[in-house]
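Student: Sequence:
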Amino acid sequence: MVTSMTGYGKAVNQLSDKKITIEIRTLNSKNLDLNIRLSSLYRQQELPLRQLVAKSLLRGKVDFSVHIEQTGVAATAKLNLEVVEGYMKQMAQLDGVSFDSSEHKLQLLEMATRFPDVFSQESKEVAKEDVAAIQQVAVEAIAAVQEFRKEEGNVLELEFNKRITNIKVLLDQVVEEDKERLAGVRTRLEKAVSDLKEKIDQNRFEQELIYYLEKYDITEEKVRLENHLNYFMDTMSITESQGKKLAFICQEIGREVNTIGSKANDATMQQLVVQMKDELEKIKEQLLNVL
1 MVTSMTGYGK
11 AVNQLSDKKI
21 TIEIRTLNSK
31 NLDLNIRLSS
41 LYRQQELPLR
51 QLVAKSLLRG
61 KVDFSVHIEQ
71 TGVAATAKLN
81 LEVVEGYMKQ
91 MAQLDGVSFD
101 SSEHKLQLLE
111 MATRFPDVFS
121 QESKEVAKED
131 VAAIQQVAVE
141 AIAAVQEFRK
151 EEGNVLELEF
161 NKRITNIKVL
171 LDQVVEEDKE
181 RLAGVRTRLE
191 KAVSDLKEKI
201 DQNRFEQELI
211 YYLEKYDITE
221 EKVRLENHLN
231 YFMDTMSITE
241 SQGKKLAFIC
251 QEIGREVNTI
261 GSKANDATMQ
271 QLVVQMKDEL
281 EKIKEQLLNV
291 L
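Just so we're aligned: 149 in UniProt numbering is position 149 of the sequence shown, and the numbers increase by one with no gaps anywhere.
Calculated directly from the structure, the hints in this document are not laboratory data.
Incorrect hints may appear among the rest.
No farther apart than 30 Å at their CA atoms in a straight line, the calculated lysine-lysine pairs in the DSBU-like style are these [as the list claims (entries may be wrong)]:
{"id": "1", "residue 1": "K284", "residue 2": "K162"}
{"id": "2", "residue 1": "K55", "residue 2": "K10"}
{"id": "3", "residue 1": "K277", "residue 2": "K263"}
{"id": "4", "residue 1": "K162", "residue 2": "K277"}
{"id": "5", "residue 1": "K78", "residue 2": "K128"}
{"id": "6", "residue 1": "K150", "residue 2": "K282"}
{"id": "7", "residue 1": "K244", "residue 2": "K284"}
{"id": "8", "residue 1": "K277", "residue 2": "K244"}
{"id": "9", "residue 1": "K263", "residue 2": "K162"}
{"id": "10", "residue 1": "K245", "residue 2": "K168"}
{"id": "11", "residue 1": "K55", "residue 2": "K150"}
{"id": "12", "residue 1": "K263", "residue 2": "K284"}
{"id": "13", "residue 1": "K245", "residue 2": "K150"}
{"id": "14", "residue 1": "K61", "residue 2": "K179"}
{"id": "15", "residue 1": "K30", "residue 2": "K284"}
{"id": "16", "residue 1": "K61", "residue 2": "K19"}
{"id": "17", "residue 1": "K263", "residue 2": "K55"}
{"id": "18", "residue 1": "K18", "residue 2": "K105"}
{"id": "19", "residue 1": "K168", "residue 2": "K244"}
{"id": "20", "residue 1": "K89", "residue 2": "K61"}
{"id": "21", "residue 1": "K150", "residue 2": "K215"}
{"id": "22", "residue 1": "K282", "residue 2": "K162"}
{"id": "23", "residue 1": "K244", "residue 2": "K61"}
{"id": "24", "residue 1": "K244", "residue 2": "K222"}
{"id": "25", "residue 1": "K168", "residue 2": "K55"}
{"id": "26", "residue 1": "K179", "residue 2": "K150"}
{"id": "27", "residue 1": "K179", "residue 2": "K263"}
{"id": "28", "residue 1": "K282", "residue 2": "K61"}
{"id": "29", "residue 1": "K263", "residue 2": "K30"}
{"id": "30", "residue 1": "K18", "residue 2": "K55"}
{"id": "31", "residue 1": "K61", "residue 2": "K215"}
{"id": "32", "residue 1": "K18", "residue 2": "K168"}
{"id": "33", "residue 1": "K168", "residue 2": "K61"}
Restraint-style ranges between C-beta atoms, simulated for each label pair [said to hold, decoys possible]:
{"id": "34", "residue 1": "L58", "residue 2": "E226", "range": "28 to 38 Å"}
{"id": "35", "residue 1": "M1", "residue 2": "K30", "range": "15 to 25 Å"}
{"id": "36", "residue 1": "V155", "residue 2": "S65", "range": "19 to 29 Å"}
Even for Gly, the Cβ is constructed at its ideal location relative to N, Cα and C.
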């Protein structure tokens, strides 16, 4: 089974006093690159969430966003009077106005409430119910991402099947073309020698000719290439996605295709090799997204 590293998942849970929303976006990456955005109040949950994501998503660039919106009584914020008064006194000194003046106090208060930390939540403790809810929403969001990845993987698998089949068809054409290739090479060499109009040792000529033709023989490369193509298809059918393994097999496929091209010494066969390389490059490009 092929699984993509590209995915998206979202889960929401509405509690009595808050709404928990988790969004996950994933892209391709060689390793797990996890970025978690979480309110400072719930920062102690970052490590458990990291462990959960690492265990489930394995690889990819993961953007994990947790948004908690207070919707009930707990959303009521408390004014931090000491902080507000401190801001007001400092601004009064800067402006050279009287802090005790009621007229100035109203203006200073309006400006002070725009500064950070003037409001504080009454409760700084995270309830166990909230922790459990965040974990549950994270599990649901991860499940949504995994489902998305599987669907994307199915599309990629169809693409890989198409490209591998195309390479097999081209390999069959190479095999057909190869039947007459060595005979043609032998004929050209014999004609070139006869054109020299020099007496030669026929036995030595046959030995050299056999050695020369063996250098251009691609029988082993054809067998290995066919085995690699079949191995690629078999690997895709494994239950767990095998992105790195498929990439290694692609390297071996490319090596055999290149060797066939270097030994071809035939324009038609080299054109077929170019087409095989084109199909292989399309596979390699898409493999970057495979888990």
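Student: None of the hints should be skipped; say for each whether it holds.
Tutor: Structure-based check of each hint:
1. Of the pairs offered as hints, the one joining K284 and K162 holds, with about 13 Å between alpha carbons and a cut-off of 30 Å not exceeded.
2. A hinted pair counts as satisfied when its Cα atoms are at most 30 Å apart, and K55 with K10 qualifies at roughly 18 Å.
3. For the proposed pair K277 and K263, the alpha carbon gap of about 15 Å is at most 30 Å, so the pair holds.
4. Proposed proximity of K162 and K277 is supported: the alpha carbons are some 14 Å apart, at most 30 Å.
5. Annotation: proposed proximity of K78 to K128 holds, straight-line Cα distance about 23 Å (limit 30 Å).
6. Distance restraint check for K150 and K282: the Cα-Cα separation of roughly 20 Å lies within the 30 Å cut-off, and the hinted pair is therefore satisfied.
7. Restraint check for K244 and K284: satisfied, since their Cα atoms lie roughly 11 Å apart, inside the 30 Å limit.
8. Proposed proximity of K277 and K244 is supported: the alpha carbons are some 20 Å apart, at most 30 Å.
9. With a C-alpha separation of about 27 Å, the suggested pairing of K263 with K162 holds against the 30 Å cut-off.
10. Using a Cα cut-off of 30 Å, the hinted pair K245 and K168 holds, with the two alpha carbons roughly 20 Å apart.
11. For the suggested pair K55 and K150, the alpha carbons sit about 17 Å apart, so the restraint of at most 30 Å is met.
12. A C-alpha spacing of about 24 Å is found between K263 and K284, which places the hinted pair at or below 30 Å, so the restraint holds.
13. Proximity of K245 to K150 is assessed by CA-CA distance (about 18 Å); at most 30 Å being required, the pair is judged to hold.
14. At most 30 Å may separate the alpha-carbon atoms for a hinted pair to count; K61 and K179 exceed this at roughly 49 Å.
15. Of the pairs offered as hints, the one joining K30 and K284 holds, with about 14 Å between alpha carbons and a cut-off of 30 Å not exceeded.
16. Distance hint between K61 and K19 is fulfilled; the C-alpha atoms sit about 26 Å from each other, no more than 30 Å.
17. The suggested pairing of K263 with K55 is violated, with an alpha-carbon distance near 47 Å, which exceeds 30 Å.
18. Our distance criterion of 30 Å between C-alpha atoms is broken by K18 and K105, whose separation comes to about 35 Å.
19. Under the criterion of a C-alpha separation no larger than 30 Å, the hint pairing K168 with K244 is consistent with the structure, at around 22 Å.
20. Only pairs whose Cα atoms come within 30 Å are accepted, and K89 paired with K61 is rejected, the gap being roughly 48 Å.
21. Between K150 and K215 the CA atoms are separated by roughly 46 Å; this puts the pair beyond 30 Å, and the hint is violated.
22. Straight-line distance between C-alpha atoms of K282 and K162 comes to about 11 Å, which keeps the hinted pair within the 30 Å bound.
23. Only pairs whose Cα atoms come within 30 Å are accepted, and K244 paired with K61 is accepted, the gap being roughly 16 Å.
24. Using a Cα cut-off of 30 Å, the hinted pair K244 and K222 holds, with the two alpha carbons roughly 24 Å apart.
25. A threshold of 30 Å between alpha carbons decides the hint, and for K168 with K55 the separation of about 37 Å lies outside it, so the pair is violated.
26. For a cut-off of 30 Å, the pair hint linking K179 to K150 is broken: about 43 Å separates their Cα positions.
27. Pair hint K179 plus K263 holds up; C-alpha atoms about 14 Å apart against a cutoff of 30 Å.
28. Our distance criterion of 30 Å between C-alpha atoms is met by K282 and K61, whose separation comes to about 22 Å.
29. Taking the CA atoms of K263 and K30, the gap is near 35 Å; set against the 30 Å cutoff, the hint is violated.
30. A C-alpha spacing of about 28 Å is found between K18 and K55, which places the hinted pair at or below 30 Å, so the restraint holds.
31. For the suggested pair K61 and K215, the alpha carbons sit about 47 Å apart, so the restraint of at most 30 Å is broken.
32. The straight-line distance between the Cα atoms of K18 and K168 is roughly 58 Å, outside the 30 Å bound, and the hint therefore fails.
33. The suggested pairing of K168 with K61 is violated, with an alpha-carbon distance near 34 Å, which exceeds 30 Å.
34. Against the hinted window of 28 to 38 Å, the Cβ-Cβ separation of L58 and E226 comes to about 32 Å, which satisfies the hint.
35. Against the hinted window of 15 to 25 Å, the Cβ-Cβ separation of M1 and K30 comes to about 21 Å, which satisfies the hint.
36. For V155 and S65, the Cβ-Cβ distance of about 26 Å falls inside the hinted range of 19 to 29 Å, so the restraint holds.
When held up to the earlier numbered hints, the structure conflicts with 14, 17, 18, 20, 21, 25, 26, 29, 31, 32 and 33 and fits the remainder.
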